[in-house]
Every structure is written in C-alpha cells, then in structure tokens.
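As a plain string of letters, each chain reads:
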Amino acid sequence: MTVMLTSPIHSLPSTPIHGGLSLEDASLAARRGVRGRHAADHLRDQGLTVPPVPNQIVASGDDQWVMALSRREFWIINPQQLATAAMPDSTAIASEVWPLYCQHSHSWLILQGAQRADVAAKLCAVDLRSEAFPLGAVAQTQAARVSVIIAHHTNSQQQPVFSLFVDQAVSEYLWLTLQDAMGEFI
Amino acid sequence: MTRSRLDAPFGQWIDRSESVDIRFEGKTYSGFMGDTVASALIANQQWLLSRSFKYHRPRGPLTLCGHDANTLVQLPEAPNRLADELPISEHRVINAQNYSGSLERDRNQLLDSLGRFMPVGFYYKAFYKPFGSWRFWERIIRRKAGLGVANLTIEPRYTDKQYLFHDIAIIGGGPAGLSAALTAAQAGASVLLIDDQPHLGGSLNYHRFDIDAAERAPTLNHLRTQILDNDNIRVLTSATCNGWFTDHYLPVLQGSRMYKVRAKACILASGSSEQHVVFRHNDLPGIALCSAIDRLIMLYGVAPAQRLAVLAGNDQAYLTALNAHDAGIAVCGVIDMRAACDDANLVTALQARHIPLFSHATVFEAHANSPGHQLAAIDIHRLDSHGAVTEHWTTLACGALAVSSGFMPAYQLACQGGARLSYDDGSALFSLTELPEGMFLAGSVNSIHALHAVLADGAHSARQALRHLGLAPVDSRDDGVSCDVSVNHPWPIFQHPKGREFVDFDEDLQIKDIVNSTRQGYRDIQLVKRFSTVGMGPSQGRHSALPTARLVAHATQRSVSETGVTTARPPVKPEPLGLLAGRRFDPARKTPLDQRHRALNAHMVPAGNWRRPAFYGAPQARDRWVQEEALAVRTNVGLIDVSTLGGIELRGVDAAQFLNRFYTFAFLKQPIGKTRYVVFTNEQGVVSDDGVAARIGADHFYVTATTTGVDTMVREMLRWNAQWRLNVDIANVTSAFAAINVAGPNARAVLDATDCSIDLSNDAFPYLAYREGHLGAIPVRMMRVGFVGELGYELHVPSMLAASLWDMLMNAGDPLTIRPFGVEAQRLLRLEKGHIIIGQDTDGMTHPGEVGLDWAINRQKPFFVGRRAVDIVMAADPCRQLVGFTVNSTCPQPKEGHLVIKAGDIVGHVTSCEHSPTVGGVIGLAYVHPQDAAPDSLFEVRTDQGVSVLARVCALPFYDPANARQAL
Chain A
122 MTVMLTSPIH
132 SLPSTPIHGG
142 LSLEDASLAA
152 RRGVRGRHAA
162 DHLRDQGLTV
172 PPVPNQIVAS
182 GDDQWVMALS
192 RREFWIINPQ
202 QLATAAMPDS
212 TAIASEVWPL
222 YCQHSHSWLI
232 LQGAQRADVA
242 AKLCAVDLRS
252 EAFPLGAVAQ
262 TQAARVSVII
272 AHHTNSQQQP
282 VFSLFVDQAV
292 SEYLWLTLQD
302 AMGEFI
Chain B
913 MTRSRLDAPF
923 GQWIDRSESV
933 DIRFEGKTYS
943 GFMGDTVASA
953 LIANQQWLLS
963 RSFKYHRPRG
973 PLTLCGHDAN
983 TLVQLPEAPN
993 RLADELPISE
1003 HRVINAQNYS
1013 GSLERDRNQL
1023 LDSLGRFMPV
1033 GFYYKAFYKP
1043 FGSWRFWERI
1053 IRRKAGLGVA
1063 NLTIEPRYTD
1073 KQYLFHDIAI
1083 IGGGPAGLSA
1093 ALTAAQAGAS
1103 VLLIDDQPHL
1113 GGSLNYHRFD
1123 IDAAERAPTL
1133 NHLRTQILDN
1143 DNIRVLTSAT
1153 CNGWFTDHYL
1163 PVLQGSRMYK
1173 VRAKACILAS
1183 GSSEQHVVFR
1193 HNDLPGIALC
1203 SAIDRLIMLY
1213 GVAPAQRLAV
1223 LAGNDQAYLT
1233 ALNAHDAGIA
1243 VCGVIDMRAA
1253 CDDANLVTAL
1263 QARHIPLFSH
1273 ATVFEAHANS
1283 PGHQLAAIDI
1293 HRLDSHGAVT
1303 EHWTTLACGA
1313 LAVSSGFMPA
1323 YQLACQGGAR
1333 LSYDDGSALF
1343 SLTELPEGMF
1353 LAGSVNSIHA
1363 LHAVLADGAH
1373 SARQALRHLG
1383 LAPVDSRDDG
1393 VSCDVSVNHP
1403 WPIFQHPKGR
1413 EFVDFDEDLQ
1423 IKDIVNSTRQ
1433 GYRDIQLVKR
1443 FSTVGMGPSQ
1453 GRHSALPTAR
1463 LVAHATQRSV
1473 SETGVTTARP
1483 PVKPEPLGLL
1493 AGRRFDPARK
1503 TPLDQRHRAL
1513 NAHMVPAGNW
1523 RRPAFYGAPQ
1533 ARDRWVQEEA
1543 LAVRTNVGLI
1553 DVSTLGGIEL
1563 RGVDAAQFLN
1573 RFYTFAFLKQ
1583 PIGKTRYVVF
1593 TNEQGVVSDD
1603 GVAARIGADH
1613 FYVTATTTGV
1623 DTMVREMLRW
1633 NAQWRLNVDI
1643 ANVTSAFAAI
1653 NVAGPNARAV
1663 LDATDCSIDL
1673 SNDAFPYLAY
1683 REGHLGAIPV
1693 RMMRVGFVGE
1703 LGYELHVPSM
1713 LAASLWDMLM
1723 NAGDPLTIRP
1733 FGVEAQRLLR
1743 LEKGHIIIGQ
1753 DTDGMTHPGE
1763 VGLDWAINRQ
1773 KPFFVGRRAV
1783 DIVMAADPCR
1793 QLVGFTVNST
1803 CPQPKEGHLV
1813 IKAGDIVGHV
1823 TSCEHSPTVG
1833 GVIGLAYVHP
1843 QDAAPDSLFE
1853 VRTDQGVSVL
1863 ARVCALPFYD
1873 PANARQAL
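First to last, the sequence lines map onto chains A and B. Residues in the first sequence are numbered from 122 upward in steps of one, following this note's numbering. Residues in the second sequence are numbered from 913 upward in steps of one, following this note's numbering.
These are computed hints drawn from the structure, not numbers from a lab. Just so you know, even glycine gets a beta-carbon here, dropped at the ideal spot from N, CA and C. Be a bit skeptical, because a hint or two may be false.
Partial pick of chain A residues on the chain B-facing surface, computed with a CB cut under 10 Å [stated by the list, open to error]:
no., residue
1, Val124
2, Gly141
3, Gly157
4, His159
5, Asp162
6, His163
7, Gln167
8, Arg192
9, Pro209
10, Ala215
11, Cys223
12, Cys245
13, Asp301
14, Glu305
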C-alpha cells in the first residue's frame, strides 16, 4: 500500500489567481525545527545561516530558509523540497538540541500578491505592510482567532510572499477564512 | 412633484438626470440620485418624518446630517435608521415608526395633552405601588416603549473588520481636516482622512462663509483636488469614527465594515454641533438649524418652504438668510436675539435684499398649520436688556424657520480620551484642554470659526502632529491660531407660561423637566442626566447638553463652567451590533481524519474546541448506532480516532524527575517501553487531568493528556519548571501526532494483517507496554491500553500519515468487518469498565479519594503538585463518593446532572448514565453520600419532571472485573 503524506487541506478548492493574489498550500514541503540552548550553534555548525535576532527569517543556501522564533528555537523550511514519510527525529540531535515536529504539527500556507497585507489586515492586528513588516520579518501572532506564524520572504521567482504556519487542526478553517478575506480583491 | 427644487448651482450633490422613486408610508415620492430620504421627502413638502419618543409629537429633520433622532425611520430590514443619512439610491421603501394608526393621525398623540401627568422622573415614582402593580404596567409600558420593529426573519448582512495603520488619523473632512491632511501628507506622513458625509469638504459644501460667497467654492475645489491627488492620503467618506481608545485606536464604521484604525497621532477636526433655540413649540417640523437649511439648499437644491424666517444668535445665521434669498426663497425676516450684529455689513446686505431685521427679539412661540404637521407662523417678541422676553412684536407666516444660537465643539472623541471641556461664561466660548498625548485639535472643535483661521489651524495641528511623530523639527516655531469670531448666544432659552419649550428632542424634555430635576435635589449634571434621561437618546446630548448645563447652572446659582457637561462615552453614534461582531470566526479544530469520518456519515459533535464523530449514522437512530458500535468492540473489533488526545513530549536528563514532581504517581523507576497512568492534582488538591506516560528512553517521555486539558497541562508544566529549573524540554505535540485506537478481541488480528514490524504477542507486547515500529511503511508509536476494557492498541503517527494509517487499518480489518466507533460508544464502553472521564465525572472540587484514585497517589515520594492539599482534603471526613449504580429498567433513565437526594437535601448528582447492552440494563456513575456508597445501597435520584428513582450502588467495574479481556 502506498504511503502518502496528506495535507489537511488537500481536498479544498484552491483560490483562483487574480491580479497576482494567490493562496497556496505548501504543507507537503519540507520543514524541520530545532530547539535548545545550543540550537543556534548547532545550525551554524551545519553550515546554515542563522538570523541574528528572533522573529527574522534568512535565506540559507539555494532554497532553504532559517526562521528564528526565539533565541533557542529555529525552523528550517524548504519550499522546493517535499517532505518524507519517515518518523520525525525525536531524540536529541546534539547536546541540548531537540528536534521539533513542525512538519506535522503545522500546515504551511503561502499568500502571494501585492494586496497580501490588505488581506491579512482583515484577520490580523499586526501591521504587515512592507513599511512595518519588511522582507525577513517574522510575526508570531493571531489571525482570525488562531495562532499563526507569519514570515515575509521571497519565493523562487523572487516575489515577496507571506508564509503562514498554522496548527494543522485549524488549517482548513484558516484556509477558508483567508479565501473569504481575499474575495474582495479577486 | 419637484416644485421645491432649486435650479443649479444649488443641489451640488444630486444628479438631476436620474430620477428615483421611493415609497414612504405607502405613498410614492420622487427624488434624484444623490438625495437622502429626508431631502427627497422635504422636496415633496413632506417635513413630517416621525413621532417623538414620549409625547408622540410630530417631528421633522433638525440637522439634516444624521445628528438628531427626529429622522429615525423604519426600513424593511431594520428599524431606527436616520432618514437624512439614507441615500434613496439604496433604500426605496421606508416607513415612519413609533405611531399608532398613521403617521399623520397618531392616536398616541393623546399623550401630548397628558404631559402634565408625566413629569420628569415619574417612571421612578409610579407603577411600583401597590406591590405587584408593576406587572400590570410593565405590559403597557413595554408595548408603548421602543421605536421601530426589529425584523427577525431577515438574513443578517455580511459584516467584517479590517485593520488600518497610518501615521496620522484625521477625523473630519471639513476645511480644517483638509488643510491638516494636506500639510501632513506633504511632509511625508501617511494620513487617513475620515468624514461621515459622502463627500469631502464639510461646511465648505454648504456654508456661505462671506457675504459675497466668494471664498467657499474655490477653496473647496482647490483643497479637494490636492487631497485626491496625494498618494499619502487615504480618504474614508460616509465613515464614522465612533470612539477613541488609548494609543489612538479608533473604530471607524463604513458601510458593512468596521475599520480598526491604529494611528500614531490623531487630529480631531470633527467640527461643532450647531445649537438650537429653546422656545415654545421649537420642535415643529419646518424648524431646523441654519446649517440644515443651508444643506437643503446647497447640497440637495431643495427650498425648505416658500417663506423662510431666520432666528439668529450669531452672524453666521445671517449668511443662511442671504443664501436662501439668493436661491430665490422668500426670507420673511431675520430675528436677532442680540442687540446688534457683529458685522454691520451683514445688516447692509439684508437691507439690500429687503429682508426685514428684528433685532433684540426672539421667537416666543411657533404655530403649526391646520393638520399640525408643519410650521405655519412664529410669534416674535422683543427682549429687554437682560434678554428676557417682553411684548409681542409681530407674527410672521412662514413654513420654515432656521435657527442658530451657537456652536458647541464636537467634543465627544476628545473627552473619551480624557480631555476637559471648559466654558467661559463671560465670552460664551468653549475650550478643550488636557488632550491625550498625540491628539491635536483643528477648526471649530477648537473654537476657531473664521475660514482663513480654520485653514491655518488645520495646518498648525498637522505641524504639531508631525513634530510629535518626529517628522518635523521639534524646535521649529509655530504659534497657535487665534480667532475672535463670537458664535454663541449666552442665553437662547425662553420659557413660556404654557411650556412645550423642548431642550432635548430625543427624550421630549422641556425646560421645566430640567429645572424640576434640580428642585428634587439633583444638582449634579450627571444626576440630572440620569434622573431626567436628558442626553441619553440617540443624539447623545449634541443639542441638549449646553442648554441643560445652562438651566442647571441657573437653577443652582452656579456658572456653566462649574456645572460642566455630562461624560462622553463611546459610541459617538448608534452603531449596529453586526458591525461590532464582524465576520464570525469560529475556529473549530479538526483531526486529520475528519474527511474520513464525514465520508462514513459520521455525526460530528463538538468536543472542547474539536469536532469529533459521536457515532456513524443518522442522528435519528442514535441509540442504535451507539449500541451496535459498542457491541462491535466487545465482540469483534472497532477503531476510533483519538487524535484529539493531548500529546506532550518531555526530553532531557531531568524528564523523569520532572514527571515525578508533576504527577501523583512515581516515575523515576518507570521502565523504558512501559506506560503508566498519570493523574494531575492542582494546588487545591483537585483532580485536574489524567493520561498516560510512555517512557521512550531514559530521558524521553511521551505523555498524553485529556482533549480539553492539554493546553492547561503544558502551561502548568512550563510554569512549574520556571521554578524548578530542571533540564527538560517540554513540547506540546498534540497536533504533530494523530492517534487511532484499535480495540476488541480481534484487534491483534487486524494489526497482524498490516505487515506490522512489531511482535504483537502478549509476551512481547504486554498490556501497558509501549513499542515503536512500522505498519507497512508507516512509522508508529504503539501503546497497549485498556480504556474501553478490551484488547486495545493505541497507534500514534505523524499527523500527515493519519489518513494512510486509517485506510490501512480499514482495509486490514475489512475481512473481520471492523467498525469505526465514535465518542458515544467509547463513553459507554469505558462506563462499563468504570473508568472516569476528567471533567465529566469530576468537577472543580473533586479530590482523588472521591473518585477512587487513591491507588494512583504515591505517598512515598516527598512531593508532587497538590500534595499538601491532597493530604488535607483526603484526611477530612468525605462528604460524597463517586459510585457505580444501576436502576430498574422500568424506571425513567437518569441523565447526567440529575440530582441525588438524601433526606430532602442534595448530596450529589449523576455524572454518567447509559443503557448498556453488555450489562443488560441502565448503568451509571453518581456522587452519593458516603453512607450510601456501599454496594447494594439504595439512593434517590430526582429525574425529569421531579420523578424520583431509586438507584442501587454496584461495585465497579460493571464489566470484566478480573480485567482479563484487556490483557488478552
């Protein structure tokens, strides 16, 4: 029997792209997390670029991004690589460096388009306009009453996007809510 | 139909090329695109729009800008909408409200003649004696009270909210606001300009400003063009800023949306409210503020009547007379309450137009036409040197009267921010001081009225805001703007022996009502407000606050500045609750198997904030499905989605030590590969959560928690470890893992059919053991559990593999007719087994001894959370005990929550109860008096309709007391 990773929102209708505004489900793309006192050093030892302060995301290598959620918690995301069906690591990677389960705990939505901040402003109290939330910024906040991590970075076409990481149990809800918010712009 | 229409350029907001018909009170009226309902009706000589709240007096528009309650009308979808704000393009069917019979012949107008029997505060003094009489009166009063009728059948419209972020929010799009916006935007600030009218310009749209009307239009066009061309300015028209909250957090209502504006600074250019004059019958339709008459003429091209009179308390009112005359309306007189006009040129202008001037006089009484629905004439009386009314001068026939006694700053937003409104009794000038940091005033709200000064004040306020934001040099010299135009008449109140001089139109309050309030001891303006209800109507005191303050000051021998005005609170204007609610956000959590359940026709129910299958099948046959599902588990095999179970990982050298301190049991010596039941007691000794701890490695535990308790558990763990500083990483992995429980005598057979890499034999994988391996290619964590009392395996997998695992198990179990079961069957099965559910069989007072969890308390270890409290409460004499019970099948079945009664007192309640096909009867759990806790004791349960049922205590569990089946 074929084993497949299944995104919680795989069966929902996608949003038609209009005027460059689109919402994409990237939940099957690879991501992993590490946490612990030596997590930053561990990532640097791995040759990764680590943001100097929390709530930032930086490119590391060709397709990879490293996102700092605190001084001791980091997510490494790769929108170009598919995740595997293996059991995520659970034991210590190095001294006081623990793996996190963000591949499965959080869905990954990508909101793209010039009006992405206007869409987000209908759901989220944080000012996500580029003046206040430039490329490389990360916000750990709430949108439409659910916790969400929003990262501002570029995609493979060098277009600015918001990556939204939300608890997979409410990802269907957030997907539909975002589509509703996008309605007036498309 | 449009005999009252004036030719262009009057009527700048209407499009005469597009006629629109509306129905008002069943009659058809014509207007033009751009009209409001009120302007279109007045254009058809229909001044009568509503009936007053208390006396049902005929009322017409007062302000024509949505600032008074006289224009409240009923729409099919909603009551209490303001006719002077409703565009006729969007609202075609309108009715009046608050009348009995017809608007013209309101039977309740009888109340007007009974007014003397309804003095202020009579509500508080009548109706409650003799005892019980309120019940009689309440029915009548409730029928009479209220205005429109809510339509409960209509589909609510879609409303939502959006945040806006700007450097400066400017409230008011009049000349001051436009000037401020331009100055700020040109300096690089991001500006939000908010105005409650459909077009920018404020008074520049309608007010004459100078005798020759030379300044208004060019100034407006110049400013508006520049505003619209500036990319730094966002304009919101037909938008109301309805409150000011700390740090310039502003709710702005526009259409179906509430904007939640976050600004760094705020410029209040909200203008001022023109004040009416208090004289007998000053509420007749046709009597309106000068600004309202100006709006009618300039914006909508409507002549208010064939003959217009003007009652002036300031020079501005003269400009209304000039405006009306130049529009071709017969101005039959200007009555000036002052001895002389400030600007003599205005008198010359009146003379040039042959408009009679009655100086140092007032309107003492207004008279209605024969149906009583509109003004017909006014009695003019002379005033003496103290401003008191003396002899009758003349009577003028007129269909409309424009009045202006002055302007009161639109102070509401400033005062919501803590500002203080002061009044100088000598100069009759207002001032707002003690503004919150970052709020600045501009224009007439700042008591600046001359146009050139208003524009300069707008620019000045913008520079202040820019300096506040660091966008302009702090030390740059910028003197404030002053203005010597006097606009407020000191005493525009003329008491008549027959009364009916209205101070507050919303609440039908007259001079005597306010004065009598003070005579009853309510000297404080706040108490006068509460006793008389002055200022508590939809207008929120815009036109009643000043005359009330003057009357209270006079009656109590104080000054207006000493009396003050009532507190301003949000909202500034009435707001639909739908806008406050916004879009409905209801983030229900769904497991990764949600679509599988729906495909199997599951009946989904809330479980905490999750949605879970209650059972599989139509809800009408609920009992059948639950019994069949339970039977399948007992006799064959079933599977249930338990992904909602909380999951917590503890990793680190102190992980075992942490668990040992946190939970009641002992964990230091827990073997790797074993699970152990966990109970958490809070600091009050109350059982708060339970679950299972699996030891994966020496420094690694995987702990489950209840569906609704996991967030609290994680929070408590983090809180306690902030004190203990143990070397342990605590991670909430609830969403990272999904879980499926395969239970029943054939559970092992199902798993064996899945290419399972784990030896499932009882020796290799005994009850309460933990193993890791693969089912086919799916990596799993497995626990031998027995919650439902059968051979059972709980399989935990990464969430995105849950669907594959479910499909694999269903396929493997198909030859055995495996059956999914829901939470209802699970609850029944665990009840048969006597297992409690935290939160259902426990409450906020339950200690371990009451629910038979003594065995889960390790008293050998020195500490666990709640230890001291547990020792204390369990040492005390118990007052209740959770027991199992059965009832005779002929008795009504007790339900959860039904009370347990002993000697007439409540001693407990039923926590769980269900019919068990396995046991063959009704079984349940209940708290009973300890004296009744022994097996075979009888206790009384009060069921529905008060029917008492005798229940018999049973030893737990009801099913498989030897626990043989779960260890198969």
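* Measuring from the C-beta of His159(A) to each C-beta in chain B, is the shortest one below 10 Å? -> It is violated, given that the least Cβ distance between His159(A) and chain B is near 12 Å, above 10 Å.
* **Hinted contact Asp301(A) with chain B - closest CB pair below 10 Å** => Result: holds, 7 Å to nearest chain B Cβ.
* Per-residue hint verdict: Gln167(A), partner chain B, C-beta under 10 Å -> violated, 19 Å
* Satisfaction of the Cys223(A) interface hint, Cβ to chain B closer than 10 Å -> holds, 8 Å
* Please verify that hint: Asp162(A), Cβ, nearest Cβ of chain B, below 10 Å or not. => Cβ of Asp162(A) sits 16 Å from chain B, so the hint is violated.
* **Hint validity - Pro209(A) Cβ closer than 10 Å to any chain B Cβ** => holds, 6 Å
* Identify whether the interface hint at Cys245(A) stands, where standing means a beta carbon of chain B within less than 10 Å of its own. => OK, holds: Cys245(A) within 10 Å of chain B, min 7 Å.
* **Restraint satisfaction for Gly141(A) [CB to CB of chain B, less than 10 Å]** => Constraint on Gly141(A) not satisfied, violated at 20 Å.
* **When the least beta-carbon distance from Glu305(A) to chain B is tested against 10 Å, hint result** => Since the shortest Cβ distance to chain B is 9 Å, the answer is holds.
* Residue hint Arg192(A), partner chain B, criterion CB-CB below 10 Å -> violated, 15 Å
* Asked: With a cut-off of 10 Å, does the beta carbon of Val124(A) approach a beta carbon of chain B closely enough for the hint to hold?
  -> holds, 4 Å
* To do: Using Cβ atoms only, decide whether His163(A) comes closer than 10 Å to chain B, and label the hint accordingly.
  => violated, 14 Å
Checked against the numbered hints above, the structure breaks hints 2, 4, 5, 6, 7, 8 and 10 and satisfies the rest.
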